[in-house]
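Protein chains in written order, with our numbering: chain A, -11 to 354; chain B, 8 to 326; chain C, 34 to 385; chain D, 33 to 536.
Hints were generated in silico from the structure; no laboratory data involved. Any given hint could be a false lead.
As the list claims (entries may be wrong) - Pairs of lysine-lysine residues, derived as PhoX-like cross-links and limited to a Cα-Cα distance of at most 20 Å, are as follows:
1) C:55 with C:97
2) C:165 with A:155
3) A:347 with D:220
4) D:337 with A:347
5) C:221 with C:195
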Amino acid sequence: MADAITADTAPARASARPAGSGDLRLRLRQNAGLLGAVALFVLFYGLYNLYHPRGFSTQVLIQNANEILTLSLLAMAQTVPVLLGGLDLSVGAVMTLVNCLASHLVAGSPAQIALGIAACLGAGAAFGFVNGCIVVYGRIQPIIATLASGAIAMGLALFLRPKPGGKIDADLSWAMTNALSDFAETYGLFEDGKAAWFQPVAWIPVPLLVLSAFALLVWVPFRRTLTGRTIYAIGSAEGAAYMSGLPIARAKLAAFTLAGFFAGAGGLFLAIQTSTGNADIPQASTYTLNSIAAVVIGGTSLLGGTGGAIASVVGALVLRAISFNFRIFDVPPLLQPLVEGLVLLAAVSLGALRALRAKNRLELFR
Amino acid sequence: MNALTVQIRPDTKPILIAAGFILVILGVGTIYTLATQGAATLLSPAYLIQQLQTGAFLGLVAAGMMLVILIGHIDLSVAWTLTAAAMTATAVGGPWAIPAGLGVGLAVGLLNGIGVAYLRVPSMIFTLGVNAVLRGLMVAQTGGFAPQTAATDAMRFIGAERVSGVPVALVVWVAVSLAIGVILTRTAFGRSLYAIGNREAAAYLSGIPTRRVTCLAFVLCSLFAALAGVMLAGYSTKAFQGMGDAYVLPAIAAVVIGGTHILGGRGRYMGTVVGVILIVLLNSVLSIMQMPEAGRQVIYGGVIIVMLLVYGRGERATS
Amino acid sequence: PKVVSGPGAEPGCFKPWSGETKHMQWAKKPGPYRIAIVNGFVGNTWRIQMIQTAKAYAEQAGMKEKIKELKVVSTGTDVAAQLGAMEDFINQGYDAIITIAVAPDGFDRVIRLADRNNVVVVPFDNVLDTDKVMQVNEDQLEIGRLSARHILKELGSKREGKVLEVRGLPGNSVDRDRHLGFREVMGKEAAKMQIVEIVGNWDDGTAQKATADALAVHGKFEAVFTQGGSTGTVRAMMDAKHPFVPMAGEAENGYRKLIAKHANDGLKGLSYGQSPGLVAISMKAALSALEGNAMPQLISVPIPVVDYTTLKAGENFWPDLTDNFFAANAFPACGVNISAPEIMGKDAKNTQ
Amino acid sequence: MSPFLALSGISKRYGGVRALENVDFACAPGSIHAVLGENGAGKSTLIKIVSGVVQPDTGAMTLDGAPVRFPTPAAANRAGVVCIFQELSLMPDLTVADNISISDPPRRLGLIDARAQRRRAEALLARLGCEDVNPQIRVRDLPLSRRQMVEIAKALGKDPRLLILDEATSALTAADVEQVYRMLARLKEEGTAILYISHRMHEIEALADTLSVFRNGRHVETFAKGQRTNRQIVEAMIGRDIAAQYPPKPERPRPPPSLEVTDLGWAGRLKDLTFSVGPGEILGLGGLDGQGQKEVLLALFGVLKGVTGTVSVEGRPHRPGSPADARRAALALIPEDRKTEGLMLPMSVGDNLVAASFDRIAAGPFIDADRQRRAIDEAIRRLQIKVGDPGDPVSTLSGGNQQKVVIAKWLMTQPRLILLNDPTRGIDVGTKQEIYRLLRELADAGAAILFYSTDYDELIGCCDRVAVMYDGRIVRELQGDAITERAIVASALNIEQEADPAHG
Ligand SMILES: Nc1ncnc2c1ncn2[C@@H]1O[C@H](COP(=O)(O)OP(=O)(O)OP(=O)(O)O)[C@@H](O)[C@H]1O
Ligand SMILES: Nc1ncnc2c1ncn2[C@@H]1O[C@H](COP(=O)(O)OP(=O)(O)OP(=O)(O)O)[C@@H](O)[C@H]1O
Ligand SMILES: [Mg+2]
Ligand SMILES: [Mg+2]
């Protein structure tokens, strides 16, 4: 019998490739969520700048950059566990914990400051690692494990800063929250930032550089390591990942460690920006919830497996850009929370369009 | 042996452990009071009754939350559902107060249900948005219309009164609990919840109306939250902004401590009841011991993790 | 701004905090002015009432013509967003920015920018730990002190037994100061009294539950000092059939109603007010500064306080209005006389 | 030739169940070794032990004569033991290329080299004649048969010394199977040892050099190719003689249709199909995999949106909006993938059985415990499901028994029109035979049956008529004696019958 069947069966194979999809179109289709987010951002941020008296100016850019950095870092932090198919409800608390820690450590001689910064980032990563251990070896679901560990982080933060206070090196604060030129000026680099070659880049806000650094020097390479790949694999199908001999435990630990690291970085910058530590419980949960919203708006699936930290940054930008507009347009103050809520609801519901379009309802259950 | 009870037998262990831990809490608290007041006030019926009364509000919220968690979802909008229901009830006032409050619950539940079941937005995030919208509505309403906020007598009655020493709130909680117990074990709806929580696609292809069931679960969740709100307003004689904030995470914690699997599909209602009592007592004892906020947070988180570790580590993705 | 020597404008209204309080003066700017109010958290009655007050005050004759634009935003409990909003308004060229800080620190950068652009920043209610800006507040330490004095007065000669202290939001400077003031006096005059401390978060629900627990365990208290959620505190005592005792608490209308109702049964209450009306005084101060007047760096607003003897229905409390709003809202000395019902009584119009 | 891998005295229990009992087993390099056995015989368990997924309770393993232990699949892979599992081990959200090189992707400077990875994928797929599969596409978007090919390519990529295929061909079309045969032959030349598990006798015949039969967790016997007749082999497997595998087809005039489908269309994947089935009839759906057969079933069952054309069941127009509607119209669907679509794996066998019949076991609003128990026992008895206690999680059953649970669940609803999507996938001869008989019984009892299968023998053996599909159309409807392997294959490839058999 077999012989009869070896005649050309190409038509059958056609089903393998969805009707005429070039690789580009494939990529686009696979990143539809992100594209939507970018469009939203362009819309909101464009409006904001168009109507802002000093729209598209450096000051405005600097101010915005300062405002988005912490949330963006937390969005990146949230992304990693989400890719795993979990959630990290402790990012806000870890941010706060590190924020309080920084208010003790990041001051004094340059050496001390450098050490303090390292310690803060280390602390964030360490806490994330502990989360990872609870999840991997305790086999407790991430969402609930981090709900609990978040409370613990909050407690520690309150021990460190029963009430707001502390100090961060003033120069550092100023240098980190302004344009590159001010940075150079503060630390007397490049002829106090007057160097000719330096001018073209002098206007760039430092926070944007920091963000890019974390994205391009930490996330992008990590994503291309085996461990990074494994995180996606686990989010997609943990059993299969294990069967394929992937380092499950390592990947999970790495994911939460990285989350802690990014969250810590967020806390550190918050400290630098505000030059204080403040164990503010509502603020912590605000950031946690916003980080989740950012991840979703960025098009990363809460089921894990698809998406990325950069997309989540865009999500964070969208969130911020929404509230920017309240400072321009005259929305009655007591209606602002309502409008904000409605826009958020609409933004996160964009994904629904897919559900409504799906012609085979089984596809909805992925 | 009935297939279902067989299926949930392992879920009984957490309940027993949690119950044991409740005794530990009471023990520790009593030692403290003995040391400071020289009296074991925590064991007095008066104190316990009062804890159950205040526990009833959390109990109702947790009950609804459990239904949603069972199908593998979560409802973060209960905080402002509760508040909105309470504020609407007092604003409407009169005989229609309570129905109005519950009406709010119904509406919110439908909205959540449609968003999650029909639009298939992840519940985590959709309910978050709905919560924000409700908050916005309440702010606008308070600012705009200065609504009446005094609880009606009927609300006072179900929230605060006692009949022959038994708080009405407690009675309501017990009644709701019995109802849910039966629903979960003895009705198609209850079974469908477990089925969906385990594998929605299979449930759907088995001809279970998954979307309607999901919707209904969210409606019930919001309804119970609304009921809790109306009763809470009765208890504190008035409705006020943010009165629900203290209920979301404790409700989730109670459900999970009660042994319900956070990803759905497994769990017994009894566990949620025990979890609620545990959380309420824990908070109360910490408050009595004048534990500083920092300590509270640490203990709170520590308890949850330790409990779950004691329950035994979850199984892996593959056998 | 340059530091000048006092006295400043309208000392009756803009009362310097103390003798040492320095005065500041900004370059005079031509009016009318653009004013922005950057609020933080919005989800409670006090904040809503504050916003309403601000809008009502801006409409009043004498103010209206001085104010070209009043913009109010609420950034939520997110310091980054609040800082961002303030800096944004500086960039937009607003003349004055009035704010309730979400944290007592961390505004150095904004202040620096404000000074560069000659913008007047006025924090009130939750003030900043800095002397670089003009601030408006009531003396929280004093509030704690006078609460203690009231209680001791009402207790007569009794100086032992337990006193319940219901605190506010942990970590908040207002909570801290009131607590310190209270303890200062109690420590001096009634060292023997045992003070039981619980956390009420300035929220009726929390206060009620915490009080109920405390009552269940400690049985009897001689007096109560509650920082907020006062209504909840009293309700808990009534539910527990605890006898009424001398008490000091916030200015919620509901609490004042209860005092009026039960004063004779022993609820010898004092009600001080951290008034949402502070926003009006802050606006007034900002305008005055923009007009080039010398202003005290720290303005102490007289604490509006009433007790069971001075309560008057329709004047400092309103039996037929809701419990939640804050009754103390008028400051005659400053010509700020927006009585609470005036704004909380209004309807949809004033959200527009 | 000395054995490459040898097991001695291996035992494995799962709670009460004895999955393997003191098994000795060996396989040699350069030969294809088939493992046969009923569902639940212990084949997969054996494989899982060899490949490090589960640990044996007792017993020892030697590789090239040296004792070994594989704590994880990774360890086994390192030793050159590569397994293609019965349950696919692909990551649906990753691309084909990612999946193929998942465990050790080509790297530059420690970072994954996407381009090299892609080239690698293309090369491996080419070896299987799957040039058409785009390495950049997500596995999610591939039909099951292609996924299995990717799975195989992935295994090849680890250049195994011992390759294990656990029913790796169960969803493959005959054409793909042919490709796999070639690949295996090549590997055999190169001296790879191959363990091959399948329930398809003709595959075994075509491939195996050595055969081992398992029964109830015991290793019954091992013998060289050709030493036993099929009949003897099957006997050894199920411990009894099986008469004719397929029940006789009743000779009767074609009944009036109870399901009538006219111009059925959907999203360009189904193109105006017209067919009908009558009570007592079994209509087979044939053709290469992925020609729209599944979609037909899903469309009838109310899963697909935007279906065009008219469908009527027993005269009444039929437009189900959901499986719930379909069920009310007395339809039943045995879905493609029992693990994700047929069963709630963690739930008990009992709960799974009643999942479609709450209305039947309920008295008023409440579920009646006795009725439920009776219904469950009845179902287990009727299909002879091998289960300890109805309270056990269904996940603990072997593949075949799990499939029986799915079928039993639907029989409980007393359907009038039964849609089967490859119901015998991964099911042993004995069980298959039971199912064939069952289908015929149901048909004789007046049910109309629509039966899609990737196995031609089945279609020929069971069906009164076979509609062969190609590219979303019914290209040919065969009846009676016209239903032959050649006829089906020819129309499946959409080539006229005269076409001479290709090389191979
Ligand atoms: N069979 C499996 N299926 C899926 N994932 C698995 C499996 N076995 C292990 N893992 C994953 O690998 C990770 C680590 O495995 P490991 O065996 O080290 O876990 P463990 O907690 O150390 O178990 P134990 O303590 O029993 O050895 C676990 O978090 C789990 O997610
Ligand atoms: N994880 C498990 N837990 C409990 N019992 C199990 C488990 N896995 C397999 N079994 C039992 O072990 C026996 C052998 O199962 P196995 O999967 O090896 O059978 P099989 O030969 O592969 O059957 P099939 O041909 O259907 O795949 C079966 O009775 C099964 O019920
Ligand atoms: Mg098997
Ligand atoms: Mg099988």
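Verification of the hints:
no., hint, result
1, C:55 with C:97, "30 Å, violated"
2, C:165 with A:155, "17 Å, holds"
3, A:347 with D:220, "45 Å, violated"
4, D:337 with A:347, "5 Å, holds"
5, C:221 with C:195, "16 Å, holds"
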